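Visitor: Chain A is fixed; fit chain H onto it per the hints.
Just so you know, the sequences run in chain order A and H.
Just so you know, the numbering used here puts 22 at position 22 of the first sequence, and the rest follows in order with no gaps.
Plus 220 on top of the position in the second sequence (first one is 1) and you've got the numbering used here.
One thing to keep in mind: the hints can contain errors.
[Claimed, not checked] For the chain A half of the interface with chain H, some residues (derived, Cβ under 7 Å), not all of them:
| # | residue |
| --- | --- |
| 1 | Pro9 |
| 2 | Phe111 |
| 3 | Ala142 |
| 4 | Arg198 |
[As the list claims (entries may be wrong)] Covered stretches of chain H (in silico footprint by chain A; criterion: 3 or more residues with CB under 8 Å from a CB of chain A, positions within the stretch not fixed):
| # | region |
| --- | --- |
| 5 | 373–384 |
| 6 | 459–471 |
Derived by calculation from the structure, the hints in this document are not laboratory data.
As the structure is a prediction and not an experimental result, all values here were calculated from the model.
Here a beta-carbon is modelled for each residue, glycine too, at the ideal position from N, C-alpha and C.
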Amino acid sequence: MRTAVITFPASNCDRDAAVALRKVTGVKPVMVWHRDTELPKDIEFVIIPGGFSYGDYLRCGAMASRSPIVADLVKKAKKGLAIAGFCNGFQVLTEAGLLPGALMRNKGLKFVCRPEKLEIINNTSRYTAKYNDQSEVIYPVAHHDGNYYANKETLNKIEGQGQVIFRYKDNPNGSVNDIAGICNEGGNVFGMMPHPERAIDPMHGGTDGIKLFKSIIESI
Amino acid sequence: MSKKVKITPEVVAEHGLSEEEYEVILDRLGREPNINELGIFSVMWSEHCSYKSSRRHLSKFLTKGDRVIQGPGENAGVIDIDDGDAIIFKMESHNHPSYIEPYQGAATGVGGIMRDVFTMGARPIALMNALRFGEHSHWKTKQLVNGVVAGIGGYGNCVGVPTVGGETNFHKGYNGNILVNAMCVGLARTDKVFYSAAKGVGNPIFYVGSKTGRDGIHGATMASAEFDDNSEEKRPTVQVGDPFTEKLLIEACLELMETDAIIAIQDMGAAGLTSSSIEMADKGGVGVLINLDDVPQREEGMTPYEMMLSESQERMLMVIKPGKEKLAYEIFEKWELDVALIGKTTDTGRLVLKHKKKKVCDIPIAPLADDAPNLNRPYKVPKSLPIINSSDIHETQDYNDALLRIMGSPDICSKRWIWEQYDRHVMTDTLDSSQSGGDAAIIRIHNKNKAVAITTDCTPRYVQADPYQGGKQCVAETWRNLTCVGADPIAITDCLNFGNPEREDIMGQFVGAIEGMNEACRAFDYPVVSGNVSLYNETNGVAIPPTPAVGGVGLIPDLEYFSSISGAKEGDTLIMIGETNGWLGSSIYLREILRREDGAPPPVDLDVEKINGDYIRKLIRNKRVNAVHDCSDGGMAIAACELALTNNIGVHLQRSSGCPLHAWLFGEDQARYLISVEKNSVNPILTTAEDRGVKAYIVGKVGGMNIKAEGAFDLPISTVREKHENFLPELMS
Chain A
1 MRTAVITFPA SNCDRDAAVA LRKVTGVKPV MVWHRDTELP KDIEFVIIPG GFSYGDYLRC
61 GAMASRSPIV ADLVKKAKKG LAIAGFCNGF QVLTEAGLLP GALMRNKGLK FVCRPEKLEI
121 INNTSRYTAK YNDQSEVIYP VAHHDGNYYA NKETLNKIEG QGQVIFRYKD NPNGSVNDIA
181 GICNEGGNVF GMMPHPERAI DPMHGGTDGI KLFKSIIESI
Chain H
221 MSKKVKITPE VVAEHGLSEE EYEVILDRLG REPNINELGI FSVMWSEHCS YKSSRRHLSK
281 FLTKGDRVIQ GPGENAGVID IDDGDAIIFK MESHNHPSYI EPYQGAATGV GGIMRDVFTM
341 GARPIALMNA LRFGEHSHWK TKQLVNGVVA GIGGYGNCVG VPTVGGETNF HKGYNGNILV
401 NAMCVGLART DKVFYSAAKG VGNPIFYVGS KTGRDGIHGA TMASAEFDDN SEEKRPTVQV
461 GDPFTEKLLI EACLELMETD AIIAIQDMGA AGLTSSSIEM ADKGGVGVLI NLDDVPQREE
521 GMTPYEMMLS ESQERMLMVI KPGKEKLAYE IFEKWELDVA LIGKTTDTGR LVLKHKKKKV
581 CDIPIAPLAD DAPNLNRPYK VPKSLPIINS SDIHETQDYN DALLRIMGSP DICSKRWIWE
641 QYDRHVMTDT LDSSQSGGDA AIIRIHNKNK AVAITTDCTP RYVQADPYQG GKQCVAETWR
701 NLTCVGADPI AITDCLNFGN PEREDIMGQF VGAIEGMNEA CRAFDYPVVS GNVSLYNETN
761 GVAIPPTPAV GGVGLIPDLE YFSSISGAKE GDTLIMIGET NGWLGSSIYL REILRREDGA
821 PPPVDLDVEK INGDYIRKLI RNKRVNAVHD CSDGGMAIAA CELALTNNIG VHLQRSSGCP
881 LHAWLFGEDQ ARYLISVEKN SVNPILTTAE DRGVKAYIVG KVGGMNIKAE GAFDLPISTV
941 REKHENFLPE LMS
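Chain A with its partners taken away, still in its complex shape (with noise of 0.2 Å):
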């Protein structure tokens, strides 16, 4: 199965990605350039990374967004191309319009690096169906504006139709609902500020994340 890491200008833990997916799949995955037009044929998941993609200029995501690369995964995400996007990549889905919602400045006003507490909200999703024998997870986080908000209408949606995967036990950040990874309405793409790319291997404290790959490699 073929996967891909897109790397934008300050992209930072597209390597991380890329040791998860490999660890995960077997095969390293692609790794696609910004300026790309065009994801590569038969990619059929595609990561973007956490960072601070063209150093956090104008908003957390904002020029990502405009990349010509992203603008193929909004046509690829319409008809069903898996995508995921951690920290950083989760800001640049809410500003590509493919998640409902948006990031701002944590409460605290600081970054906060720390292992974080999560609930799994609903573990029959794509990227957490293996999740079925364990109700939490602990990923670290790392970021200075991962404080999700969403209006009341679309925070009633997505709250209603399952569309919350996972929310903090112990809101770094002041998120809205607590919630710390929502997906689309598909259900295919899938965007959390936690980082399941940091929790894979023993000597890192926990390998709760693997399965979070697992889920979304299997589901395809």
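Guide: Relative to chain A, chain H alone:
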């Protein structure tokens, strides 16, 4: 500043040059310099660039060793960690700018030290920082802590290099001069290390990175003078950083380094284009011709003087192999970086600058380096403070209170508020960091079964009390910290922060500390491979406590065998490796409980350090220990508390020696390690210790949920944790 500026004695003095130095310039040029040339001599001969007060003393350091590929003199030091892998590292100060503009000063300190490392072909894999602030209650401290921490995080987080450890102290001695020392560790291949010597004539010189602006002009000169009440007016000389450009520079340079296009490369750090071009030319024995009109400029109408002295950040200079220009352009344009061909190497041995078709500078390069002042400043090494007998030091009547006060004191408290603002996990090879409260950070070598251990240390109060013993102690503590995680200590970098070297006593602190450090380096075969000196850390004549910060790097050759402060288990026995005599002079107990800062610091016996450390490493390799923690600030009581907090399990200490109880608990005798071991390992450990001449004593056990010491304190972990965790958040709220 136009070239018509008349060179008066006032202008010379404003450039920080002495009359004698100016005479040398006149002699070497055979004429009066123009303002551009004067500016260039001024920065090259500044304390910051020329090390004129320190050079002769630094040359005493042990700088060679089996694993040393490159010692001091390049952008950073290079060591061999087997399998064709090299570690490139250095620590550097950014003190003066950080005091004036904390966010940008600290951020650009991080940026600068990273450039020193990737310039040599290494991908940065870890950042550390050693910070010293004024008294916590001083009106300026909170603002400085906020700005410095945000600046370090803002830069390192964006670039995507984990900030994995460091240390933070508070003392009134830093009220007017904070210290921001940043360390970067990078990974390269031993056959792909890049140097700065610009070899060959007629080779193109490329400028890459941010455009040159008017920021940071004379930053190096600022760092070579004392502060006074008007220092904040120096804000315009503080540079502004852009981590986004730095990240692109790292990727672009590493990509170009994969090819064979680069002859020499140098970052533009202090004194910008001036020092980078001169260093490259001097090391390569060539001349340089630069056409300043081709330098990418951020502002209109910049003069040659401004361009040469600007310290705009995120800029690199490189000499490219003829014929490889197109390749270089392609890579830099891919990363959307400004790139320009600004000159070439020549056979003249001179630095020639052209601007608007006129020659605006023409000076011989050799004197800029060779004739740089090398002062033999008078010095008087201060005598050690007198030894205080521990039985003459008042015993606390309330041990619970004393323990809580120390655990919640500015230097000992949890620094979570700081390190939670740093991304410690990016690159996913961080195996241990500040998060554990352990002794050294552990960073795995990507895709390999080995790791490097990294630590920074300095105990300024010891150096203040006795520069020589204090100097030894700084090096010994890093060696001990690396040992605690099972690493073989390899080499150090240092950042020597002192006051005004023109004062005999300050110069004496400097010389004494170096002597002590060097002795420790030699005893451990633990060379200095890079470093920096920061002098003139004084305000209105008051100097900082002498602070020779040391950054140590070690190798964990097999990830099957390493250790940390984590891992202590219910039922474990606590053993203290090393003798406890209860040394309270210059201790945390004396300072925090009795408000006294006196007494000789604990002596460091390097032979004992060596056998104790070697034994600890052997125990770790034999998997005999569950947890190891260095016994340092605050003594055994604090080491035991930290072990208990990290593992969330109680400890129970029982006195093992005849020294007074408060001295036994809080004494800061050196060469000690607290280890937590299974019951059935106790006897073998004690027996082997005896055979090796290592002192080892059972000092307590692990279990329950209280931290207690027989006849002294008894507190729930939660109470101690609260005190330990709350200090900084409360201070900063």
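Visitor: A separate judgement is required for each hint: does it hold in the structure or not?
Guide: Hint check results:
1. A cut of 7 Å between beta carbons decides the hint on Pro9(A): the least distance to chain H is about 6 Å, and the hint holds.
2. At a threshold of 7 Å, the smallest CB-CB gap from Phe111(A) to chain H is about 5 Å, leaving the interface hint in force.
3. At its closest, the beta carbon of Ala142(A) sits 4 Å from a beta carbon of chain H; the interface hint therefore holds under the 7 Å criterion.
4. Checking Arg198(A) against chain H: minimum C-beta separation of about 5 Å stays under 7 Å; hint holds.
5. Under a criterion of three residues with beta carbons nearer than 8 Å to beta carbons of chain A, the stated coverage of the region 373–384 of chain H is upheld, 6 such residues being counted.
6. For a cut-off of 8 Å, the count of residues in the region 459–471 of chain H with a CB near a CB of chain A stands at 6, and the three-residue condition holds.
In summary, this structure violates none of the numbered hints.
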